[in-house]
Amino acid sequence: MNELIPLMVIVPLMAALLISAFSKFNKATKVFAFVVALCLPVIPIASHYGLHYFGGYAPVMDNVTNVMYHPAITYSFTFLQQIFIAMLGLLTFLVVFIYLTKYKKVSGPYLFLLFLGTAAVTAMLLTDDIFHMFVFFEILALAQVGIVAASSIDYSYEMALKYMVLGSIGSPMMLLGIGFLLALTGSVNVTDIAAAVHNGLVDATSPVFLLSLGLIFFGWLYASGLPPFHTIKSGIYSKAEPHGAALLQSFTVVSMISIVLIMFRIYSSLPIFEVLVVFFSILAMILGVSLALTQTDFRRMIGFLAVGELGFIGLGIGLGTQYAITAGLFQALNEIIITALLFIGFGAIVNATDEVDTRKLGGLLAYHPKVSIMLLIAGLAMAGVPPLSGFQSKLMLVQASLNCGFPEISILAIMVSIATFVVFVKTYYTMFLKPKPNELELEKKEVPRTMIFAMGVLLIIVILLGVFPDIVTAGISNFVGGIL
Amino acid sequence: MAQTQLAILFTSAALVVIGLYSAIFIDNIIKKIIGISFIEEGANLFIVAIGYKPGGVVPILMPGMDTSWFATNAAYPLPFGLVLTSIVIGASTLAVMLALVMVLYRRYGTLSTSVMLADTSKQEEYDE
Amino acid sequence: MSSTNTIRNLLAAVMTAIFSVTLFDAIFHLSSIINPGVSNIYNALGTQIAPNLVTVVIFDFRAYDTLGESIILLTAGLVVLLIFGRGLLGDKQ
Amino acid sequence: MKLYDQIFNVVKQFKKLFSPGPVTNADVSGSITAEIFIIVSLVLAALLLRHVSVLLAGLVTLILAVVLISNIPLIPKFKIEQEDSLEKMLFYAVITLAIIVTFIYWGGNLV
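Line by line, the protein sequences give chains A, B, C and D. This note's numbering puts the first residue of the first sequence at 1, with every later residue one more than the last. This note's numbering puts the first residue of the second sequence at 485, with every later residue one more than the last. This note's numbering puts the first residue of the third sequence at 613, with every later residue one more than the last. This note's numbering puts the first residue of the fourth sequence at 706, with every later residue one more than the last.
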């Protein structure tokens, strides 16, 4: 039993509580938040793989039916969790760092929400218990609403309320689906449910079991912002502070993969599950990218692009082979980094110009050369240009879909990449290369050093993963082999 | 006694459906939120109903009860435990939604969804 | 505009009706195949810990869920305060 | 000449899409790209039906292509349907929920 595994959740949770309680002491809070944020990526790297049973209740065998039951909540920690939690911790650290240097006076509730979101997502990723995942998913939804409401951008309250109203349709449906699973199998532990399904204790073809898939699937659509929730998800990103949006999109990606992996373990024997995932992923790619092409608010544009990129992850999971799922998860990791980089980079532009409409911007290359070059590389990585990390994962996805006998999906994926590239080139041109409009007043504002630092760190990871993808894909592939 | 359980289960489904209808068709945001909270309550009631055991006893060990008899005849405690958590979750989201409505009502002076939560992307795109 | 709204409302009503029929049918079939599963284990194990099994589930087997529950209450309180203007970012603080 | 007029009309309609405010040529070319992209990708996605039945795939692809091309500009329509108003988002969410659940429950075993 490894004591560090629950600490991954407890440390940000306790930090959040302490910060909200003692936010009056400005300086001390800043130092404390910085130290805790620095710890976050270190803990998962330092701890060993294994299982953790809360309360020490190891699995028991039911003597009557000879079925194994997990009475307590179980956390399982493997390479996949390690890499994602470490990346999430790093991103949280960078975002908290940017936030701490941007504002003189810290806002206790805002820091609380940032740490709480990280804790909730970590718990969702670690947990092996579907109801526990639901609890932390709700915490995450509230934290997201709080991060949006705190930003005090125009119309952020309206967007937050819309998100909550849609969420209170989406998440009870998921709860209802969990209820169906509980009724059918008598357990909320994913390992138990999967064992019950695969051993034939539950009839996998019965319509009731299928209905639970439908309800949980709908909840997953809400969690991950796939259509029909793509408009609200991109709206949420555009109404948060840019560094907050960088963290919000990573929450979305991680909650998406953690729920879909649980669904995959339970429902992988049903062909309709894969059909549904692929269908909604393709829809997300088409709608996300085509709407991103027509946006003039660049925050909204990246929001739609982020949703469109989620489609690639779903595609990998939906194809269902070991190679494809590895590609999808690798793409998820890349997307967390690249989209965060884009959000932080464009956030630097917002910071310097107080303007979000691309039509009013122009000629920024001369003023912010560092930011523009890093943004260019990030955009190329998102579009999938070698040797950056986006290229490796998209190449894997294209190969995987070819191997599965779906050349149409490969062509579609390549087309979406090209359209992503077009979106990016268009925005880059209007913001950086086009002549500066006369009305645009550039106050001699510098881009904060911390933003440049954060972008540099993320960029190094992008290039590193692009050149040596094996350091991640080998481990992920092992993990996927374990759940197949 | 199985009819009791079926009746409770049907009630929960009815709550979910009523909630969905009110989410689409009611314009007043407060009423809409009340309707939406029906969905949450329907899901909770559903899970409570799963824990029902025909002819069972309350899952509390009374003094003098035989433990093995109790284990086979008590109602299922797990769904009740889960529902207590999810009730609190529903209440919290309800509180946050109503707080947002309060602030927005002060700003707009109306509770109509079609005014308060209309499309905002056009207005913010090019404001001078 | 109103004609599209009528069509929309009609479509939504019909789809919700179909959904409700599906849900009722599923629940009718479900009620005969409810499985106690781990609840029976709880019933057997729990009596050694405390007499009230629901509290045993909440505070022992699934205590971590209860922690999440209390955290969510706190979060809701803080977010409500945030919405009313305590701790906003930027100039509007 | 007719096609030229039609495309000209399409560009004029894009102008409405970006009002208020000026329409730059980057925006219009972006919209035209989106237009072509959406037609091609939807047709391509319809080709996936060939795994169900080749005849159906051919038929659906042809009909979809004709419908989409005769209905340009599509992007303004798509954008209006996916705007930020709560009514539309709720409508699509509930419709999707009903379609998923109904489809899975009554026909999930057919796939």
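Among these hints, one or two may not hold up.
[As the list claims (entries may be wrong)] Heads up, simulated DSS-like pairs for lysine-lysine below, C-alpha to C-alpha not over 27 Å straight-line:
#, chain 1, residue 1, chain 2, residue 2
1, D, Lys707, A, Lys434
2, A, Lys27, A, Lys102
3, A, Lys360, D, Lys707
4, A, Lys27, A, Lys105
[What the hints assert, rightly or not] Now the stretches of chain A that chain B is said to cover, found in silico as 3 or more residues with beta-carbon under 8 Å:
#, segment
5, 5-15
6, 51-63
7, 181-195
In case anyone wonders, no lab produced these hints; they're calculated from the structure. Glycine included, C-beta positions come from ideal geometry on N, C-alpha and C.
Just to make sure I understand the rule, a stretch counts as covered if three or more of its residues have a C-beta closer than 8 Å to a C-beta of the chain. Does the segment 51-63 of chain A meet that for chain B?
With 0 residues in contact (Cβ-Cβ under 8 Å with chain B), the coverage given for the segment 51-63 of chain A is violated.
Given the hinted pair lysine 27(A) and lysine 105(A), is their alpha-carbon gap at most 27 Å?
9 Å, holds
Verdict on chain B covering the segment 5-15 of chain A, criterion of 3 CB contacts below 8 Å:
violated (count 0)
Straight-line alpha-carbon gap lysine 27(A) to lysine 102(A), limit 27 Å
14 Å, holds
Does the alpha-carbon distance linking lysine 360(A) and lysine 707(D) stay inside the 27 Å limit?
Cα-Cα ~35 Å, so violated.
Pairwise hint evaluation, lysine 434(A) against lysine 707(D), where the allowed Cα distance is 27 Å at most:
34 Å, violated
Using C-beta distances, would you say chain B covers the segment 181-195 of chain A, given that this needs three or more residues below 8 Å?
Result for this restraint: holds, n = 4.
Of the numbered hints given earlier, the model fails hints 1, 3, 5, 6; all others are met.
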